[in-house]
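S.K.: As a plain string of letters, each chain reads:
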Amino acid sequence: MLHVVRNDFNTSLARPTEGVEECPERPARVRIVGIGKSFGETVALANVSLDFRAGEVHAILGENGAGKTTLVRILSGILKPDAGHLEINGKDVILTGRKDGAAHGIGIVQQQDGLIGELTGVENYLIDHPKASLWLDRSQANSELLQAAKTLGLTVKPEALVHELTVGERQRLEILIALVIGADVIILDEPTAALLTNEVRVLIPLIRRLVQQGRCVVYITHKLDEVMEIADRVTVLRRGEVVGRFRRSELDKATLITAMVGRVPEKMELEVRAPGEVVVELDEVSVAVSRTRRGLDGASLNVRRREIVGIAGVVGNGQEALAEVLRGLVEPIKGELRCVSRRVAFIPEDRARDGLAMTLSIADNLMLYRHRDRRFRTRGRLNMRTISKFVRDMLERAGIVSRSVALPASSLSGGNQQKLVIAREFDLKPDLIVAHNPYRGLDVSAAEAVRRALLKARDEGAAVVLISPDLDDLFDISSRIVFLSNGRVSGSIDPRSTTVHALGALLGGGSM
Amino acid sequence: MSLDRAATVAIGQRAGLLAVGIGVVIFLSSAIFFLGRADPILAFRVMLNGAFGSWSGFSETLLRFSPLALVALGLVPSLRIGLFNIGAPGQIAAGGLAAALISLNLGGLPAYLVLPLACLSAAAGGALCALVPALLRARLSVSEILSTLVFNFITVLFLQYLLTGPMKGYRVNLPESDAFPANAFLPTFVHGSRAHVGILLVIAALVAMRALEDSPIGYRLRLLGASRSLGRQAGIDEAHMIIATLCVGGAAAGIAGWMQAAGVDHRLYASIADPIGYTGLFAALMGGLQSIGVVVSSFFFAALLRGGDTLQIGADVSPEITGVLVGLIMLVMAAMQARFRRAGVWS
Chain A
0 MLHVVRNDFN TSLARPTEGV EECPERPARV RIVGIGKSFG ETVALANVSL
50 DFRAGEVHAI LGENGAGKTT LVRILSGILK PDAGHLEING KDVILTGRKD
100 GAAHGIGIVQ QQDGLIGELT GVENYLIDHP KASLWLDRSQ ANSELLQAAK
150 TLGLTVKPEA LVHELTVGER QRLEILIALV IGADVIILDE PTAALLTNEV
200 RVLIPLIRRL VQQGRCVVYI THKLDEVMEI ADRVTVLRRG EVVGRFRRSE
250 LDKATLITAM VGRVPEKMEL EVRAPGEVVV ELDEVSVAVS RTRRGLDGAS
300 LNVRRREIVG IAGVVGNGQE ALAEVLRGLV EPIKGELRCV SRRVAFIPED
350 RARDGLAMTL SIADNLMLYR HRDRRFRTRG RLNMRTISKF VRDMLERAGI
400 VSRSVALPAS SLSGGNQQKL VIAREFDLKP DLIVAHNPYR GLDVSAAEAV
450 RRALLKARDE GAAVVLISPD LDDLFDISSR IVFLSNGRVS GSIDPRSTTV
500 HALGALLGGG SM
Chain B
0 MSLDRAATVA IGQRAGLLAV GIGVVIFLSS AIFFLGRADP ILAFRVMLNG
50 AFGSWSGFSE TLLRFSPLAL VALGLVPSLR IGLFNIGAPG QIAAGGLAAA
100 LISLNLGGLP AYLVLPLACL SAAAGGALCA LVPALLRARL SVSEILSTLV
150 FNFITVLFLQ YLLTGPMKGY RVNLPESDAF PANAFLPTFV HGSRAHVGIL
200 LVIAALVAMR ALEDSPIGYR LRLLGASRSL GRQAGIDEAH MIIATLCVGG
250 AAAGIAGWMQ AAGVDHRLYA SIADPIGYTG LFAALMGGLQ SIGVVVSSFF
300 FAALLRGGDT LQIGADVSPE ITGVLVGLIM LVMAAMQARF RRAGVWS
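Those protein sequences? They're chains A and B, same order as listed. Quick note: the first sequence uses numbering that gives the first Met the number 0, first residue 0, plus one each step. Quick note: the second sequence uses numbering that gives the first Met the number 0, first residue 0, plus one each step.
No wet-lab data here; the hints were simulated from the structure. In this text the structure is predicted, and so the values were computed from the model without any measurement. Honestly, I wouldn't trust all of these hints.
What the hints assert, rightly or not - A few chain A residues that don't get close to chain B, going by computed Cβ distances all over 12 Å:
{"id": "1", "residue": "I203"}
{"id": "2", "residue": "D353"}
{"id": "3", "residue": "L355"}
Unchecked claim - Chain A stretches covered by chain B per the calculated footprint, using a threshold of three residues with CB under 8 Å from any CB of chain B:
{"id": "4", "segment": "417-424"}
{"id": "5", "segment": "451-459"}
Said to hold, decoys possible - With beta-carbon atoms standing in for the labels, derived distance ranges:
{"id": "6", "chain 1": "B", "residue 1": "A14", "chain 2": "A", "residue 2": "R371", "range": "36 to 42 Å"}
{"id": "7", "chain 1": "B", "residue 1": "R44", "chain 2": "A", "residue 2": "R374", "range": "55 to 61 Å"}
{"id": "8", "chain 1": "A", "residue 1": "V400", "chain 2": "B", "residue 2": "V23", "range": "38 to 44 Å"}
{"id": "9", "chain 1": "A", "residue 1": "R238", "chain 2": "B", "residue 2": "L199", "range": "57 to 63 Å"}
{"id": "10", "chain 1": "B", "residue 1": "L112", "chain 2": "A", "residue 2": "V339", "range": "41 to 47 Å"}
{"id": "11", "chain 1": "A", "residue 1": "E86", "chain 2": "B", "residue 2": "A18", "range": "41 to 47 Å"}
{"id": "12", "chain 1": "B", "residue 1": "I144", "chain 2": "A", "residue 2": "N485", "range": "36 to 42 Å"}
Every residue gets a Cβ at the ideal spot worked out from N, C-alpha and C, and that includes glycine.
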């Protein structure tokens, strides 16, 4: 993940950052000039200038809160910038409304949920089409999509309901829809956030083909390895400002990290502990299957104190059911679950749905398990003074800075939200920790904080289950890794004697 | 908890929007009066005068306020967890019916027995009427909006059947029961005014509600309303909460039915739920689901209803127009609430 880097922080930032470099052989499709955007007192983007040129992969690198998403929203037409302007193919444009970017040839493939799950690919295409009319010609739309897929050498299923597709299939479909609508510039917003290793292997050649056709691909991410692999140019954003511009020949991981984080991160050495007693044991456990997701089908697993068991597997093979049954939120319909303790911490995959009540205050969110405590009650009422003090102590220990504990949880950055979840869940000294994709959407330093918290809890004697579609994350801290497929747990490998690629091949099963 | 209230959107902004909303309502209702060939200014003056212009007018406003506020306050807990109980009319009718059965049959008992008994049976009747939709929602996820609406038809029409048949009074040819014995009348404060002691129940409900809001149960309601998933993780029994909150709303509406029967006409009549049933829901929503706000908005609607009733005499406008005004106000409020939400959203 992270490596100790040499401290060339100053030299990298001394690079000229103002203006846009000349590159005469490639025409600029989109030019962003001095864009600024603030929300209240928060400056999301400040004087950002960039251009996207035909035939290049332009990576925009930055941590959470760097302003990447705001930039995407401005380019799609959802947000209006406070300052600066946009030029598309040499002409000044003002984008108004969510379809306007698409109408000007900017196709955006979102982090998640860019397509409507209950509709088919064809229907999504018809809805997204800027000239969509009341009368839908499905068969023509279908053949348009298939035709476009053929020229790119892709296999897609435009007639299938989107929620039945894998994340990778959805993404390819979304790219295709953007192309058919007429996008010259394809913006991929964190495209690999939910993809498996083998699906990333399909995405990268696709991006290359798009670029060969003379299109521009804007690749927005916080993952360095991907940037190193495919970017022709890289722009690094930090706190809404451009802090570095690099060409392919100048790319260097250490420099990029330093530019992105603003300081030199240090890697914590991973030590393995001797596992203790079994904390939780699943014995042939089955969990009911709902219409949209798979349950468990006779899964067996045991987890001991002071070990981290990584759960690998393609998304949608029962991960959610496993997390919920371990957390005690669903009962097995068959088999037995034995857990020595009721103190189970849960870091859910979907933070906005299962981790925090976004509209409630930070204090309310931290009181989830504590609101029954007598010490917070005087004569039947919750005592706000003791609660505030307790909550402020907790925030301080978790390193979360907030103006007031009365602000809604949604006012925190993604990284701080995850810290809030962890602070609450680890507060009761859990014996078992269920972490489902805990680094999802987090930047380098926030992910590192979560990683440290997991390791610390392990060292203090907790049993940890780490479920993640990202093999690198699993290899990073797991004591052993097992696979989840079709609701069953199989195999057990030692991450120190197997390589990520060998395991990836095993998992992918050649299903490209 | 009062913390989250402290951190809401800027008050000035809210007040500004509210002023705009009031302006829009006044403009639209003036247009309606104008179309009805009435002088809008006269109509507003008559309404204001009718509601507040005299002691008797004010006591008539209070008479409408008590049941309305009770219905509205009762709806708050269920609304907090996102349940829309639109069954207040049916629950009022059921409460009125239960209270009438006690009052008519046990009227010989002293007032200090018959009044509490009638009140309790009204609460039970209203709660029972809410229980079936609550169970359907909790166990089978049947939409409470649909089931409580259906129950309005069942209960109100059943009441009408009873009042035109088995329970029909001797004297008049109207869907009404016999008059209650005087023991079962709700006591009034001042002789000659119809404003009754029901307002004490509203005060009690307000106090209870304030305590609830700051209690662990209030926290659980808030949590469940904000996130079903987190509610489950905190070990809150959602089904239990659904049943309890809907039944509380039903009980409060039932008591309001008793107030109408035993406090206004001293008999049970078929249109007992008009117009407080649906207006109660509006008052709860307009009060922002906060107890004080709900009481204030209930008072506002009570004044509006009372003022509307005086329009016929004062400005030659039929009182049905108040229904139109209530609807208009709700529409403008809903639009403004969406506006508030948008103003508050930033990413």
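S.K.: Run through the hints listed earlier and report the numbers of any the structure violates, in increasing order.
M.R.: Structure breaks hints 2, 3, 4, 5 and 10.
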